[in-house]
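Novice: Sequence:
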Amino acid sequence: MTTKPAPTFDGLLDPAEAKRQLIAAGEKRTSARRNFLKNVGLASAGLAAGVVIQGCSDDSRSHAQGIPETDVLNFALNLEYLEAEFYSKTVNGVYLDASTLGSAAMATGGAQVIFTDAATKAIATEIAMDEALHVKFLRSALGGVAVAEPVINLDALGVINTQPLFLLASRALEDTGVSAYAGAATLLTGNNLQAAAQILGTEAYHAGNIRLNVVQQSVPGLFKLDAQDVLPDMTHYFPVDSNALAIKRTPSQVLAIVYGNATPGTNKGGFFPNGLNGNIKTV
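Count along the sequence shown from 1, then add 57; that gives the number in our numbering.
None of these hints come from the bench; they were simulated from the model. One should not assume that every hint holds.
Claimed, not checked - Computed list of lysine-lysine pairs in BS3-like fashion (alpha-carbon distance at most 30 Å, straight line):
hint, residue 1, residue 2
1, 281, 305
2, 281, 325
3, 325, 305
Keep in mind it's a predicted model, so treat the numbers as computed, not measured.
All chains should be built: construct the whole structure from the sequences, respecting the hints.
Specialist: Take a look at the structure:
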């Protein structure tokens, strides 16, 4: 019996295949969450099975700025590496493994958080699984042109080992991620844009939940990411502009945040002591 060859697509994913993958991923995540709640323990490093999708076309480019879409997706992959390593370490106490990264982890620092309530712990565990799946998703999409994980310093904001500190750092990462994907909307087209929009939606779910917990738990020490950042409080649960649109940031603005330095030409620092991997890496 011969196997029908898989069709190829110009962009990231075929809608029918995407539906199948999302259902499969959801079933795996649900099973993992149930095991967590049953055992009252942290999830292991084997977070969930990754999706298998067609590679991006090398000819896909941003019509607006002439930037190859693979460069934009690799930029997003760097950010997903950071988020996934942060949650893996704070929730599970370990770095991502080779089954997720394709090679040994390049993250350093970090600590496992002592969560003080089951709800926050469960939320963090689910986000950890989501972010690991995002890494697998983008690596599969990019195929042979996917950049490797860069060196990541999880102690860029200091040692994160308590629930308030976790929420503080998570808020910063999630709000940055949402704005990065919103800003990338003008740099992507077709199925690539659709896939990025779906990831943005997930990141926005994360950000909204974390921001609510920051307010409800009266987390101290909030700091602004940049001039346009909106800190969570009882009158600003959501970081939106005057038209109630999500804040968007250019790659340069995002790099200024993760490097901790907005000086033009900066190409490393903060969470990425050696810089991002790929072609988009300079403020």
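Novice: If a hint holds in the structure, say so; if it doesn't, say that too.
Specialist: Right, here's what the structure says about each hint:
no., hint, verdict
1, 281 to 305, "holds (15 Å)"
2, 281 to 325, "holds (20 Å)"
3, 325 to 305, "holds (22 Å)"
When each numbered hint is compared with the structure, no violation occurs for any of them.
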